[in-house]
Amino acid sequence: MISARGLRKSYGDFEAVKGIDVDVRQGEAFGFLGPNGAGKSSTMRMIASVSPVSAGELRILGMDPATDGPAIRGRLGVCPQEDTLDNELNVFDNLYIYGRYFGIDRATCRERANELLEFAQITDKAKAKVEDLSGGMKRRLTIARSLINNPDVLLLDEPTTGLDPQARHVLWDQLFRLKQAGVTLVITTHYMDEAEQLCDRLVVMDKGVIAAEGSPRELIEAHSTREVAELRFGVGEHEVLAGKVEDLGDRVEVLPDRLLVYSDHGEDVVTAVIDRGLQPIATLVRRSTLEDVFLRLTGRSLAD
Amino acid sequence: MTTTQSTRTERPTGSLSAWEGMTRQLDYWVTVYKRTWRGGVISSFAAPLFYVVAMGVLLGGFIQADPDRLEGATSYLAFIVPGLVAAHAMQIAVSESTYPVMGAIKWHKTFFAQLATPLAVRDLVNAFIAFVVFRIASACAVFMLVLAPFGVFESWWGPVLAWLAQVLVGTAFALLTFGYSARLKSEEGFGVLFRLGVMPLTLFSGAFFPISNLGPVLEWAARLTPLWHGVSLSRMFCLDTVDWSLAAVNAGVLVVLCLIGWRWAVTGLDKRLEV
Amino acid sequence: MAVLDRVAIPAPLTPTSATRLLVLRNFIVYKSAWKLFLTGFLEPVLYLFSIGIGVGQLIDGFTFHGEEVSYAAFVAPAMLATSAFNGALMDSTFNVFFKLKYEKLYDQMLATPLTTGDIARGEIAWGLIRGSVYSAAFLLVMLAMGLVESWWAVLALPAAVLVAFAFSAVCMALTTWMTSWQDFDKITLAQMPLFLFSATFFPVEAFGDSVLRWVVEATPLYRGVVLCRELTTGIVTWESAVSVVYLAVMGVVGLLVVRRRLDKLLLT
Numbered sequence: 001m002i003s004a005r006g007l008r009k010s011y012g013d014f015e016a017v018k019g020i021d022v023d024v025r026q027g028e029a030f031g032f033l034g035p036n037g038a039g040k041s042s043t044m045r046m047i048a049s050v051s052p053v054s055a056g057e058l059r060i061l062g063m064d065p066a067t068d069g070p071a072i073r074g075r076l077g078v079c080p081q082e083d084t085l086d087n088e089l090n091v092f093d094n095l096y097i098y099g100r101y102f103g104i105d106r107a108t109c110r111e112r113a114n115e116l117l118e119f120a121q122i123t124d125k126a127k128a129k130v131e132d133l134s135g136g137m138k139r140r141l142t143i144a145r146s147l148i149n150n151p152d153v154l155l156l157d158e159p160t161t162g163l164d165p166q167a168r169h170v171l172w173d174q175l176f177r178l179k180q181a182g183v184t185l186v187i188t189t190h191y192m193d194e195a196e197q198l199c200d201r202l203v204v205m206d207k208g209v210i211a212a213e214g215s216p217r218e219l220i221e222a223h224s225t226r227e228v229a230e231l232r233f234g235v236g237e238h239e240v241l242a243g244k245v246e247d248l249g250d251r252v253e254v255l256p257d258r259l260l261v262y263s264d265h266g267e268d269v270v271t272a273v274i275d276r277g278l279q280p281i282a283t284l285v286r287r288s289t290l291e292d293v294f295l296r297l298t299g300r301s302l303a304d
Numbered sequence: 001m002t003t004t005q006s007t008r009t010e011r012p013t014g015s016l017s018a019w020e021g022m023t024r025q026l027d028y029w030v031t032v033y034k035r036t037w038r039g040g041v042i043s044s045f046a047a048p049l050f051y052v053v054a055m056g057v058l059l060g061g062f063i064q065a066d067p068d069r070l071e072g073a074t075s076y077l078a079f080i081v082p083g084l085v086a087a088h089a090m091q092i093a094v095s096e097s098t099y100p101v102m103g104a105i106k107w108h109k110t111f112f113a114q115l116a117t118p119l120a121v122r123d124l125v126n127a128f129i130a131f132v133v134f135r136i137a138s139a140c141a142v143f144m145l146v147l148a149p150f151g152v153f154e155s156w157w158g159p160v161l162a163w164l165a166q167v168l169v170g171t172a173f174a175l176l177t178f179g180y181s182a183r184l185k186s187e188e189g190f191g192v193l194f195r196l197g198v199m200p201l202t203l204f205s206g207a208f209f210p211i212s213n214l215g216p217v218l219e220w221a222a223r224l225t226p227l228w229h230g231v232s233l234s235r236m237f238c239l240d241t242v243d244w245s246l247a248a249v250n251a252g253v254l255v256v257l258c259l260i261g262w263r264w265a266v267t268g269l270d271k272r273l274e275v
Numbered sequence: 001m002a003v004l005d006r007v008a009i010p011a012p013l014t015p016t017s018a019t020r021l022l023v024l025r026n027f028i029v030y031k032s033a034w035k036l037f038l039t040g041f042l043e044p045v046l047y048l049f050s051i052g053i054g055v056g057q058l059i060d061g062f063t064f065h066g067e068e069v070s071y072a073a074f075v076a077p078a079m080l081a082t083s084a085f086n087g088a089l090m091d092s093t094f095n096v097f098f099k100l101k102y103e104k105l106y107d108q109m110l111a112t113p114l115t116t117g118d119i120a121r122g123e124i125a126w127g128l129i130r131g132s133v134y135s136a137a138f139l140l141v142m143l144a145m146g147l148v149e150s151w152w153a154v155l156a157l158p159a160a161v162l163v164a165f166a167f168s169a170v171c172m173a174l175t176t177w178m179t180s181w182q183d184f185d186k187i188t189l190a191q192m193p194l195f196l197f198s199a200t201f202f203p204v205e206a207f208g209d210s211v212l213r214w215v216v217e218a219t220p221l222y223r224g225v226v227l228c229r230e231l232t233t234g235i236v237t238w239e240s241a242v243s244v245v246y247l248a249v250m251g252v253v254g255l256l257v258v259r260r261r262l263d264k265l266l267l268t
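Residue numbers (the UniProt record's numbering), protein chains in the order written: chain A, 1 to 304; chain B, 1 to 275; chain C, 1 to 268.
Read the hints as simulated data drawn from the structure, not as lab findings. Note that CB positions come from ideal geometry on N, CA and C, so glycine has one too.
Below, simulated PhoX-like cross-link-like pairs (lysine-lysine); rule was C-alpha separation at most 20 Å, straight line:
| hint | chain 1 | residue 1 | chain 2 | residue 2 |
| --- | --- | --- | --- | --- |
| 1 | B | LYS185 | A | LYS129 |
| 2 | C | LYS186 | C | LYS101 |
| 3 | C | LYS31 | A | LYS127 |
| 4 | A | LYS129 | B | LYS106 |
| 5 | A | LYS129 | C | LYS31 |
Quick list of the computed label-pair ranges, beta carbon to beta carbon:
| hint | chain 1 | residue 1 | chain 2 | residue 2 | range |
| --- | --- | --- | --- | --- | --- |
| 6 | B | TRP107 | A | ASN36 | 24 to 32 Å |
| 7 | B | TRP107 | A | GLU246 | 53 to 61 Å |
| 8 | C | PRO203 | B | LEU246 | 30 to 38 Å |
| 9 | C | THR16 | B | SER186 | 30 to 38 Å |
| 10 | C | THR16 | A | ASP13 | 35 to 43 Å |
Chain A is nowhere near these chain C residues, computed Cβ spacing over 12 Å in every case:
| hint | residue |
| --- | --- |
| 11 | THR39 |
| 12 | ILE53 |
| 13 | ASP60 |
| 14 | GLU68 |
| 15 | SER70 |
| 16 | MET90 |
| 17 | SER132 |
| 18 | VAL161 |
| 19 | THR179 |
| 20 | SER180 |
| 21 | MET192 |
| 22 | LEU196 |
| 23 | VAL204 |
| 24 | TRP214 |
| 25 | GLY234 |
| 26 | TRP238 |
I would like the entire structure built from these sequences, with the hints used as guidance.
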């Protein structure tokens, strides 16, 4: 569906995307995981065919965005990071007018707008002003709008940023239903839980390059241990104590508020730490996540 | 870990006096002014100056200087200047108490933040209006000073009283508009206010031509507009053609409008901030 | 899932149908703001009554191209041209800036098969349609007041639309360079003198034979005012041809610049 070879994007002297290779296959949910400024959004804008490619090759649905922009955009659904709803139109007209931009005929547009209101669970808000919707509803409306042309590929840039936990789960459920129905999803996110929930395959991006690629499980297996023991000590003690627990796991990461000891057997680590007479204020054993993968690959956490 | 030594501040009891309530916002408004005064320069000074040159000087060149037809003015320029400045005072008053009021309620929510302190609704209105009055007073003063060398004033004390009249009519409009804005839910109402309120008033309240040109019926209608009272005062003082009984009526009407406007503004904001 | 039923996406829109869609979008928005739409028509009428008639009583009338014209008949066509100018200016500066920077409306449109050229044409076309409704209504007011003195006046409507087109295109182009609302002071700073000094309320002879007069005669709004005035008074000279060419060139150049600028701003 999408293939990129040596794809680059620069703005003046600043290079946002520094040569990436990506292949998105039909029907999969593909993710770009990385912190803010990793080059995810620039990549998405190039795929959306609104940002010219600086260098390298990009093919979307077999077409070249430089020459077939409108034709490609006709078959994509785009859900941008910030809602770009038309605040001057009501909810229904947002869907209807947007559909008309694709050249879809009036009757079909009306029919689809009604179906999508249903899908986004905002049918009762059809005549409401956009500004009266909650954040979650706006997001669902944006996603509904991106489906008006029944796209072959749906691009979602940070779909749940700024939403409360409940609204996120509603949205994830809807995206999951779309995936089940065979829509190809391309998602950028800086939330590792979102990437794990939604993506079949993902690339970890950092500073414009791809640091790793694979399914969430593959990435965790390749770059982290099965479990992690989190040890919290007093303020300022972590740096010093890191040396004393280093040998207990495969690897130790020092974070400002805690130590992470990577090991396949987290409970054993905790027991060993206490046996050594160290007294952590709190301990937690958990499974490795993509956050750990990112930390391993870049030395930084995703939130930075 | 260091802990900051907390100092107890004197906590005033009871409600603030109106003066205290207003002066506590002085620093806020000084900051606002420092940030925004540049934006006002063009609309405050350049725009009316263009009008004076275009209408007063250039068009005035084609108009017979007949004091009988110009309410006692010896030139069209001398006729139009006091009216234009009064109308300008109204325009500043309205534009400063439309979007900024809605902004403080709806967009920036400044009023809500201020109400979380010991300040009361009345204090917010007073300080806001004081600021607008300051804007009007300074703009009109500069304007009158610039025009002084052009021989449009007949005495030295007249323009000073005229200036006070301009500030008075501006204050009345600021208060009335504040009350309207405080009750308005959407900014669309402002477009209507400008087109159906400000513009017709500017054009037909005797600023550009003597209202006797309107014919007897419309002339009386014009006399009922608040702006006309300001124009009339301003012009009589500038041209030294004061009819003191008329001046008393003009000033009285404007003062009453200020009082009504103040009630209207305070009750409006009070109701709006409750929810 | 019903929402995923196949939708036939036709081939990319033709420029004409794309323009029509953008006009439709603006029309739907305006339907809800009809009060504002209605009052917009009042502006030139009020000026005509105030200056043309109120102040006009103090003036005997002017000679225009050597013929005697009443003051109201002199000011009315100028109001026709300046209201087209003011309307175009509002639409293509404030409204476009708002959509471009705050609403991100054009970003939304560019996610569909629409192109930047479609957006530029659509916005300007809407401005022209709105403007010509106002102009036609104003011409009717002039007719009712006996201020139309020739059949040439029929052409004053397209002339007003041409004025709107020229300014829409150029102002929209200028808007693409604006970064903040403060920049609008500069627009006002240009708008006021153009409105007041383009021989709107007094003949250009007021400037004497100074250089200033030549400057005024070379400004676009003056061309528009004189064009409308020649048509409604029926005193048509070769100057009208100059004005038409002037305004048409201005509009086309503006449109080309808008398109290039939108490409640069939105397609990065």
